[in-house]
Amino acid sequence: MPSLCPTHLNCATGPETARRGRPQAETAGRRPQSRQDHAPGRDSKKALKPAQRRVLVDHLRSGYRVSERRACAVLNEWRNVYRYQRKPRPEEQIILKRMTDIGHTRIRYGYRRIHVLMAREGWQINHKRFFRLYQLAGLNLRTKRPRRHVSAARRAAQPPARQPNEVWSMDFVSDALLGGRRFRTLTLLDVFMRECLAIQVDTNITGERVVAVVTEVSRPLGVPARIQVDNGSEFISKALDLWAYQHRVTLDFSRPGRRQDNAHIESFNGSFRDECLNIHWFVSLDNAAEKIETWRGD
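For what it's worth, the working numbering labels the leading residue of the sequence shown as 14, then goes sequentially.
No lab work stands behind these hints, which were simulated from the structure alone. Remember, it's a predicted structure, so these values are computed and weren't measured experimentally. Don't take each hint at face value.
[Said to hold, decoys possible] Here are the computed lysine to any residue pairs in the SDA-like style, where the Cα-Cα straight-line distance is at most 20 angstroms: (1) Lys110 <-> Lys141; (2) Lys251 <-> Arg261; (3) Lys251 <-> Lys62; (4) Lys251 <-> Glu229; (5) Lys110 <-> Asn93; (6) Lys110 <-> Gly135; (7) Lys304 <-> Val129; (8) Lys100 <-> Arg133; (9) Lys100 <-> Lys110; (10) Lys110 <-> Arg82; (11) Lys304 <-> Asp188; (12) Lys251 <-> Arg222; (13) Lys304 <-> Asp215; (14) Lys62 <-> Asn93; (15) Lys304 <-> Gln213; (16) Lys251 <-> Thr228; (17) Lys62 <-> Ala86; (18) Lys141 <-> Tyr124; (19) Lys141 <-> His128; (20) Lys62 <-> Arg133; (21) Lys141 <-> Leu130; (22) Lys62 <-> Gly192; (23) Lys110 <-> Val68; (24) Lys110 <-> Gly123.
Throw the hints in and build the complete structure from the sequences for me.
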């Protein structure tokens with residue numbers, strides 16, 4: 014009878030998984046068992062923050078009626094850390110108020126965009142401290158689309174336009190070609206003159222395209238003091254925000270669901286749809302742009 018080699022001997026006497034070349038520790042769950050049978054083999058959890066540890070110390074003191082020294086010793090908490098009381102800085106209330114005003118006006122802006130806006134106003138705040146105040150104000154919990162009755166009292170009344178080229182208003186109107194292809198129109202209105210300055214027609218109008226339109230219109234007329242817009246993605250884009258900052262133009266955002274905040278452009282868009290979009294067939298995008306421009310001139 015031929016003799017078995019050491020390799021064959023190990024395969025014959027070892028477990029079934031060992032014949033497949035796998036470690037014996039992986040026979041149960043195909044993982045090393047050091048992390049399965051007992052907790053000491055696992056990684057330790059992170060320590061709690063001081064504020065959370067204070068809550069645990071208070072729970073021990075009230076629930077088990079132990080002293081402060083004993084509760085801190087059980088939880089391995091320093092007594093001076095437990096007794097520490099944060100002293101709020103007087104300027105933080107001003108920062109929180111300004112941060113809250115911006116957050117409720119520009120509802121889609123996160124803390125980074127709000128930080129940039131406040132830095133442009135002269136606030137020199139570390140980004141870590143700014144994020145802490147952002148959470149303290151509860152702005153990280155705000156919804157993207159607040160309810161109407163919640164946002165109804167957030168915005169003060171804006172002064173009316175008193176001269177031409179002082180206040181512009183922008184909005185989008187959608188329609189379809191004869192073949193069913195959708196397109197969009199960007200309408201730009203001078204609020205004081207009730208004059209349509211431009212109507213841009215395209216299938217996709219990005220924030221950069223909006224900047225190109227307002228730049229082209231402002232060359233002969235000059236830039237306005239304020240532009241009334243809604244909270245659409247094109248109007249809250251970084252491109253339009255940078256253009257407005259460079260030209261010192263205020264972007265006046267309307268409240269979600271409150272169309273009367275931008276009533277002039279809404280009224281114009283209604284007339285635009287009734288008098289032009291609903292009575293014409295548009296064969297192509299160029300045909301739509303030609304007919305819409307003819308109606309605007311008329």
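Structure-based check of all given hints:
no.: 1; hint: Lys110 <-> Lys141; verdict: 18 angstroms, holds
no.: 2; hint: Lys251 <-> Arg261; verdict: 15 angstroms, holds
no.: 3; hint: Lys251 <-> Lys62; verdict: 36 angstroms, violated
no.: 4; hint: Lys251 <-> Glu229; verdict: 19 angstroms, holds
no.: 5; hint: Lys110 <-> Asn93; verdict: 32 angstroms, violated
no.: 6; hint: Lys110 <-> Gly135; verdict: 15 angstroms, holds
no.: 7; hint: Lys304 <-> Val129; verdict: 42 angstroms, violated
no.: 8; hint: Lys100 <-> Arg133; verdict: 28 angstroms, violated
no.: 9; hint: Lys100 <-> Lys110; verdict: 18 angstroms, holds
no.: 10; hint: Lys110 <-> Arg82; verdict: 40 angstroms, violated
no.: 11; hint: Lys304 <-> Asp188; verdict: 13 angstroms, holds
no.: 12; hint: Lys251 <-> Arg222; verdict: 12 angstroms, holds
no.: 13; hint: Lys304 <-> Asp215; verdict: 13 angstroms, holds
no.: 14; hint: Lys62 <-> Asn93; verdict: 15 angstroms, holds
no.: 15; hint: Lys304 <-> Gln213; verdict: 12 angstroms, holds
no.: 16; hint: Lys251 <-> Thr228; verdict: 15 angstroms, holds
no.: 17; hint: Lys62 <-> Ala86; verdict: 16 angstroms, holds
no.: 18; hint: Lys141 <-> Tyr124; verdict: 10 angstroms, holds
no.: 19; hint: Lys141 <-> His128; verdict: 11 angstroms, holds
no.: 20; hint: Lys62 <-> Arg133; verdict: 33 angstroms, violated
no.: 21; hint: Lys141 <-> Leu130; verdict: 16 angstroms, holds
no.: 22; hint: Lys62 <-> Gly192; verdict: 61 angstroms, violated
no.: 23; hint: Lys110 <-> Val68; verdict: 28 angstroms, violated
no.: 24; hint: Lys110 <-> Gly123; verdict: 16 angstroms, holds
The structure shown violates the earlier hints numbered 3, 5, 7, 8, 10, 20, 22, 23.
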